[in-house]
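Peer 1: Sequence:
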Amino acid sequence: IRSTYETTAASFNYAISKNLDAEYSWKVELGVDYVKQDDEYLLPNALKNYENVTFNLGFKKNFVLGNSMNRRLLLDIHGAYNNNIGGEYVRSEKFIEANGSYTVVTEMEQGLQNYYTSDYYRIGGSLTYSQQVKEDANINMFAKLAFDRKNNKSDFDFDGRSFLSVSLGCNF
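Take the sequence shown: its position 111, counted from the start at 1, is 111 in my numbering, and no numbers get skipped.
Hints in this document: simulated from the structure, not taken from any laboratory. Treat the hints loosely; a few may be bogus.
Claimed, not checked - Label pairs and their in silico Cβ distance ranges: (1) V90 / G31: 29 to 35 angstroms; (2) E6 / V133: 43 to 49 angstroms; (3) N45 / D159: 45 to 51 angstroms; (4) L65 / D159: 19 to 25 angstroms; (5) G111 / L30: 42 to 48 angstroms; (6) V53 / D159: 28 to 34 angstroms; (7) K153 / N45: 27 to 33 angstroms.
What the hints assert, rightly or not - In silico lysine-lysine, DSBU-like type, Cα no more than 30 angstroms apart, as pairs: (8) K36 / K134; (9) K18 / K94; (10) K18 / K144; (11) K153 / K18; (12) K27 / K94; (13) K144 / K94.
Ideal Cβ placement from N, Cα and C applies to all residues, glycine included.
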């Protein structure tokens, strides 16, 4: 299927922090993101587009658990509000004839478009524990638990989405 895709994106982010030696003690983050997506599927013809502005706010606090092994606990709390400016999913008669019986086209694509064109708020946070592997090494290991919840504020058939992630890793 021949298609054209066009994305316009702009962001503004600002952060203020209080330093603690070579790291920060706390940080406050503000941001605004703009995204406009214009997709056209040419053969057979269909249009899919959306335009959103998202306002973000976050707070991070770095707790020093001990200077030996550089043990830290990072708390991250953040939220956002997404305002949908517009969007549509328009399928031509030929597109419907060619793809009308496919669940991906009839249900999944429309559900995804509903998600992209919804107003929602998001709240979440994470906890990250980190420490050096050995006292004299510049290698840190970490464990992170993160959770985000998006709540739909538009009149679509979904309540929201939740995300849970667990990360283990090493920085060197």
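Peer 1: Provide an ascending list of the numbers of those earlier hints which the structure does not satisfy.
Peer 2: Violated: hints 3, 4, 5, 6, 8, 9, 11, 12, 13.
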